[in-house]
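Kindly produce the complete structure, drawing on both the sequences and the hints.
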Amino acid sequence: MNQGEAAACAAAEAVTTNEEEGGVTNAEAGGSGLDVLGATVHYGAGSRIDAGAAIADVSFAVARGEIVALLGPSGCGKSTLLRAVAGLEPLSAGSVRWNGEDLMGVPPHARGFGLMFQDAQLFPHMSVAKNVAYGLRWRRVDRAARDARVAELLGLVGLPGAGERAVTELSGGERQRVALARSLAPKPRLLMLDEPLSSLDRALRDRLAADLARLLRETGTTGILVTHDEGEADAIADRTLRMRAGRIAVP
Amino acid sequence: MERRDRLVASPWPGRIGWAVAAALPLGFLALFFAWPVLALMATGFTDGGRVTLDALGEVFAQSRTWRVIGQTFAQAVLGTALSVVLGVPAAFVLYRLEFRGRALLRGLATVPFVLPTVVVGVAFTALLGPGAPLEWLGLDQSLAAIVLALAFFNVTVVMRTVGGFWAQLDPRPEQAARMLGASPARVWRTVTLPTLTPAIASAAALVFLFCATSFGVVLVLGGRRFSNIETEIYRLTVQFLDLRSAAVLSLVQFAIVALVLVLSSRLRGRRERSVSLHYSGRATRRPGREHWVAIAVFATTTVLLHALPIATLVWRSLRAPDGSLSLVNYAHLVVPPDGSRLGSTVFEAVGLSLRMAVMAAAIAMVLGLLTAFVVSRRPRSQRLRRLIEVFDGFLMLPLGVSAVTLGFGLLLTMHRPLGIGFDLRTSVVLIPIAQALIALPLVVRTLVPVLRGIEPRLRDAAAMLGAPPLRVLSTVDFAMIRRPIGLALGFAFATSLGEFGATAFLVRPGAQTLPVMVADLIGRQGAEHYGMALAAAVVLGVLTAGVMMVAERWRGDAAGEL
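Chains as they are written, first to last, in my numbering: chain A, 1 to 251; chain B, 1 to 562.
One or more hints might be untrue.
Selected chain A positions facing chain B (Cβ under 7 Å, derived; list incomplete) [said to hold, decoys possible]: (1) Tyr-43; (2) Leu-88; (3) Pro-108; (4) Gly-114; (5) Leu-115; (6) Phe-117; (7) Gln-118; (8) His-125; (9) Ser-127; (10) Ala-129; (11) Tyr-134; (12) Pro-186.
As a list, the in silico SDA-like pairs of lysine to any residue whose alpha-carbon atoms are at most 25 Å apart [stated by the list, open to error]: (13) A:Lys-130 to B:Arg-482; (14) A:Lys-130 to A:Ala-148; (15) A:Lys-187 to A:Arg-137; (16) A:Lys-130 to B:Val-472; (17) A:Lys-187 to B:Pro-469; (18) A:Lys-130 to B:Ala-479; (19) A:Lys-130 to A:Thr-219; (20) A:Lys-130 to B:Leu-473; (21) A:Lys-130 to B:Leu-451; (22) A:Lys-130 to A:Leu-88; (23) A:Lys-187 to B:Arg-459; (24) A:Lys-130 to B:Gly-70; (25) A:Lys-187 to B:Leu-473; (26) A:Lys-130 to B:Arg-235; (27) A:Lys-130 to B:Ile-454; (28) A:Lys-187 to B:Val-472; (29) A:Lys-130 to B:Glu-455; (30) A:Lys-130 to B:Ala-307; (31) A:Lys-187 to A:Glu-66; (32) A:Lys-130 to B:Ala-167; (33) A:Lys-130 to B:Met-480; (34) A:Lys-130 to B:Gly-453; (35) A:Lys-130 to B:Arg-452; (36) A:Lys-130 to B:Phe-478; (37) A:Lys-130 to B:Ile-485.
Hint data in this document are derived by calculation from the structure and do not stem from the laboratory. All of these numbers come straight from a predicted model, not from anything done at the bench. Don't be surprised by glycine CBs; every beta carbon is placed ideally from N, CA and C.
The structure is reproduced here in structure tokens:
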């Protein structure tokens with residue numbers, strides 16, 4: 001976190017003392033999708049050195065087919081919130097529900113959610129195609145169907161025929177495209193995107209933001225987009241929630 | 001809610017899995033390492049069932065004990081000093097300069113470290129001993145010969161440890177010092193050396209440990225005049241059956257090793273803190289005139305210390321007793337000369353050695369993989385992390401306890417393992433077990449840094465794509481350490497093949513391993529036996545070096561601490 005962001009973070013904390021939740025939960029509305037209720041993650045003293053920011057009593061909902069942006073300065077808990085929804089970070093309090101069903105105790109791999117990392121996190125020991133096919137390996141998909149799906153997705157992200165390339169020789173933009181294809185391949189019921197474009201330069205970011213918005217619409221994906229770029233949030237998401245100092249701020 | 005029942009996973013299968021993974025190596029070590037070593041210590045301090053410290057007084061009252069301890073320290077200090085003085089320039093040349101053939105030289109430079117101690121011992125006698133080309137130097141059975149042989153192995157250790165650190169060092173502070181008017185010598189003294197000191201100190205601690213517990217070299221080169229604690233333990237048990245004194249000396253050895261280990265782990269902690277500044281730019285340079293000192297030292301080391309003894313060994317192994325060029329020494333390995341009362345031929349010993357080494361490497365690999373997986377985990381609970389550190393430390397113990405102590409302890413206890421009336425000593429199975437114990441720390445130390453280096457979010461990414469925990473382990477962790485596994489396997493195999501200290505206790509007449517055979521032959525009278533010892537040493541050296549050269553191809557950029 002740079003100094004400016006730290007200052008923004010501290011200022012925001014002062015402002016949002018009387019925060020209230022934006023919107024009704026899906027469960028209350030009888031709809032379907034993701035509900036996060038009072039999610040709290042805190043790190044005790046002496047916990048991991050690389051621990052992210054804590055979050056406190058966060059509640060929000062994402063309806064099916066909707067894309068919600070979480071906007072806020074870095075270090076304010078956006079990524080921690082995503083990891084908590086994914087099940088990678090245990091909640092100290094609160095719950096994460098899908099279609100009203102509590103996901104407590106459901107391990108990350110069984111949630112049917114996808115997560116795309118800021119820095120792609122492609123498997124360096126696999127080719128592009130193997131990376132994209134990875135999420136299909138645990139599903140009963142036959143080889144031909146799997147290959148077809150990989151080719152389809154590589155076409156969709158604008159990298160047709162790149163399947164045999166090594167991921168180590170891809171450019172930054174290409175890596176993010178492959179990571180997106182990999183996340184989309186198993187058709188996750190919820191796709192979380194953690195600053196998917198922030199590691200890229202400006203021009204590439206604008207172009208990919210448009211592509212990303214189109215792709216998510218075309219595939220009808222339910223999504224959470226974490227970003228600190230307002231323009232990116234506007235371009236991709238249906239709705240924007242602002243996060244400050246581990247809480248959802250008043251709209 | 002049928003779907004939900006299927007989805008909710010109990011944490012127990014995972015916990016039980018990790019517990020089993022930790023329990024297997026722990027149990028193996030407790031049975032075949034901790035128990036024998038402790039039982040050995042106990043014999044020194046009990047007399048007819050009573051606990052007594054008499055032996056301690058008796059052993060320390062002898063002047064010979066103090067002489068042995070003094071010689072051990074003198075050899076280790078001098079060996080360490082020489083290794084550092086020669087190893088640091090080698091590290092500079094091979095990790096900081098860029099020239100054609102560097103990769104080949106780096107590969108070759110690792111060979112000395114894995115050569116069996118008896119091979120090096122025999123090579124140095126072939127160079128300096130009676131009838132040798134350099135006999136006129138008068139270095140046969142001298143402290144200098146032992147120190148040179150110790151440096152032969154350990155220059156590599158210093159080169160590797162310091163070089164690996166040096167290669168990542170940011171060269172810009174040095175450049176800044178130059179721009180402030182410092183001469184190259186002053187830059188070295190005021191900037192480079194202080195930065196390298198933690199790495200050098202940690203390498204020196206490791207080298208000291210290797211030197212102080214060296215067995216084969218001192219046994220072969222020391223003759224009657226020089227010994228160390230290891231060879232003394234061997235002499236006391238094998239020649240005098242004085243188990244009590246041997247046990248006391250084992251304890252002394254253990255104390256020295258523990259002290260050095262504590263010291264080196266302190267130093268390593270400091271080194272890891274300072275290594276965190278990685279420099280990704282170009283740090284290597286083409287050799288220039290200002291590097292001539294380092295280049296000259298490196299060239300001298302390679303030619304005189306490494307190549308000369310080995311070349312002499314090979315050359316003399318090809319001479320018949322009458323001095324003519326011939327393969328008769330090698331022929332004797334298969335068909336022994338008339339009148340030699342060897343229990344088995346050297347050829348048979350090669351076969352036994354290879355079988356033992358395969359078994360040992362397999363055991364070390366299975367236990368090493370389990371250990372490395374457990375040790376590389378970073379659980380959330382602080383108590384669990386602490387437990388893993390203790391586990392890690394316990395599994396490194398075989399690195400510290402001398403091989404002679406281990407072999408002797410196994411001999412003492414394994415007539416009734418766990419109270420079962422089955423004498424394990426009558427079967428050769430104890431040999432691969434002992435060798436696996438000695439190779440285990442090498443395997444673990446090769447794999448752990450690679451596993452720790454795997455970005456944890458790659459595992460998260462795999463889980464988010466639906467991979468269950470075991471699948472994450474096989475498709476991410478296991479898949480990414482395939483090459484280091486090859487390297488570790490080579491290490492384990494080569495170490496087991498050349499293992500001498502523990503194996504010397506466990507072989508039986510008629511079933512000897514190659515290193516034991518070489519030591520046996522060199523101790524016998526007659527030019528024919530000496531020639532056979534040379535030839536057998538060459539065979540052993542070629543086997544281990546060959547295995548390591550193949551395994552080195554699997555060394556990635558990031559593999560291993562050794």
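Now for the hints, and whether the structure bears them out:
Violation of the interface hint for Tyr-43 (chain A) is found here, the shortest Cβ-Cβ separation to chain B being roughly 9 Å, above the 7 Å cut-off. Annotation: interface hint on Leu-88 (chain A) holds; nearest CB of chain B at approximately 5 Å, less than 7 Å. Interface hint status for Pro-108 (chain A): upheld, as the beta-carbon distance to the closest one in chain B is roughly 4 Å, under 7 Å. The restraint placing Gly-114 (chain A) at the interface with chain B holds, with a minimum CB-CB distance near 6 Å, inside the 7 Å limit.
Interface restraint check for Leu-115 (chain A): the shortest CB-CB distance to chain B comes to about 4 Å, inside 7 Å, so the restraint holds. Hint on Phe-117 (chain A) holds. Least Cβ distance to chain B is approximately 6 Å, under the 7 Å limit. Interface hint status for Gln-118 (chain A): violated, as the beta-carbon distance to the closest one in chain B is roughly 9 Å, over 7 Å. With a least beta-carbon distance of about 5 Å to chain B, the hint placing His-125 (chain A) at the interface is held under the 7 Å criterion.
For Ser-127 (chain A), the interface hint is violated, since its Cβ never comes within 7 Å of a Cβ in chain B; the closest pair sits about 13 Å apart. At its closest, the beta carbon of Ala-129 (chain A) sits 14 Å from a beta carbon of chain B; the interface hint therefore is violated under the 7 Å criterion. Because the closest C-beta pair between Tyr-134 (chain A) and chain B is about 5 Å apart, less than 7 Å, the hint holds. The interface hint given for Pro-186 (chain A) holds, since its Cβ lies 6 Å from the closest Cβ of chain B, which is under the 7 Å cut-off.
With a C-alpha separation of about 17 Å, the suggested pair Lys-130 (chain A) and Arg-482 (chain B) falls inside the 25 Å cut-off, and the hint holds. Restraint check for Lys-130 (chain A) and Ala-148 (chain A): the C-alpha separation of about 13 Å stays at or below 25 Å, so the hint holds. Between Lys-187 (chain A) and Arg-137 (chain A) the CA atoms are separated by roughly 13 Å; this keeps the pair inside 25 Å, and the hint holds. For the hint linking Lys-130 (chain A) to Val-472 (chain B), the alpha-carbon distance of about 15 Å falls within 25 Å, and the restraint holds.
Restraint check for Lys-187 (chain A) and Pro-469 (chain B): the C-alpha separation of about 20 Å stays at or below 25 Å, so the hint holds. Taking the CA atoms of Lys-130 (chain A) and Ala-479 (chain B), the gap is about 13 Å. The hint holds against a cut of 25 Å. For the suggested pair Lys-130 (chain A) and Thr-219 (chain A), the alpha carbons sit about 21 Å apart, so the restraint of at most 25 Å is met. A C-alpha spacing of about 17 Å is found between Lys-130 (chain A) and Leu-473 (chain B), which places the hinted pair at or below 25 Å, so the restraint holds.
Between Lys-130 (chain A) and Leu-451 (chain B) the alpha-carbon distance is near 21 Å, which keeps this suggested pair within the 25 Å criterion. A distance of roughly 24 Å separates the Cα atoms of Lys-130 (chain A) and Leu-88 (chain A); the hinted pair therefore holds under the 25 Å criterion. Only pairs whose Cα atoms come within 25 Å are accepted, and Lys-187 (chain A) paired with Arg-459 (chain B) is accepted, the gap being roughly 19 Å. Distance hint between Lys-130 (chain A) and Gly-70 (chain B) is unfulfilled; the C-alpha atoms sit about 61 Å from each other, more than 25 Å.
At roughly 23 Å between alpha-carbon atoms, Lys-187 (chain A) and Leu-473 (chain B) fall within 25 Å of each other, so this suggested pair holds. For the hint pairing Lys-130 (chain A) with Arg-235 (chain B), the CA-to-CA distance comes to about 60 Å; that exceeds 25 Å, so the pair is violated. With a CA separation close to 18 Å, the supplied pair Lys-130 (chain A) and Ile-454 (chain B) stays within the 25 Å bound. With a CA separation close to 19 Å, the supplied pair Lys-187 (chain A) and Val-472 (chain B) stays within the 25 Å bound.
At roughly 18 Å between alpha-carbon atoms, Lys-130 (chain A) and Glu-455 (chain B) fall within 25 Å of each other, so this suggested pair holds. Of the pairs offered as hints, the one joining Lys-130 (chain A) and Ala-307 (chain B) is violated, with about 47 Å between alpha carbons and a cut-off of 25 Å exceeded. Restraint check for Lys-187 (chain A) and Glu-66 (chain A): satisfied, since their Cα atoms lie roughly 15 Å apart, inside the 25 Å limit. In summary, the hint linking Lys-130 (chain A) to Ala-167 (chain B) is not supported, as the alpha carbons are separated by about 33 Å, beyond the 25 Å threshold.
The straight-line distance between the Cα atoms of Lys-130 (chain A) and Met-480 (chain B) is roughly 14 Å, inside the 25 Å bound, and the hint therefore holds. Our distance criterion of 25 Å between C-alpha atoms is met by Lys-130 (chain A) and Gly-453 (chain B), whose separation comes to about 22 Å. For the proposed pair Lys-130 (chain A) and Arg-452 (chain B), the alpha carbon gap of about 24 Å is at most 25 Å, so the pair holds. For a cut-off of 25 Å, the pair hint linking Lys-130 (chain A) to Phe-478 (chain B) stands: about 16 Å separates their Cα positions.
Under the criterion of a C-alpha separation no larger than 25 Å, the hint pairing Lys-130 (chain A) with Ile-485 (chain B) is consistent with the structure, at around 22 Å.
Of the numbered hints given earlier, the model fails hints 1, 7, 9, 10, 24, 26, 30, 32; all others are met.
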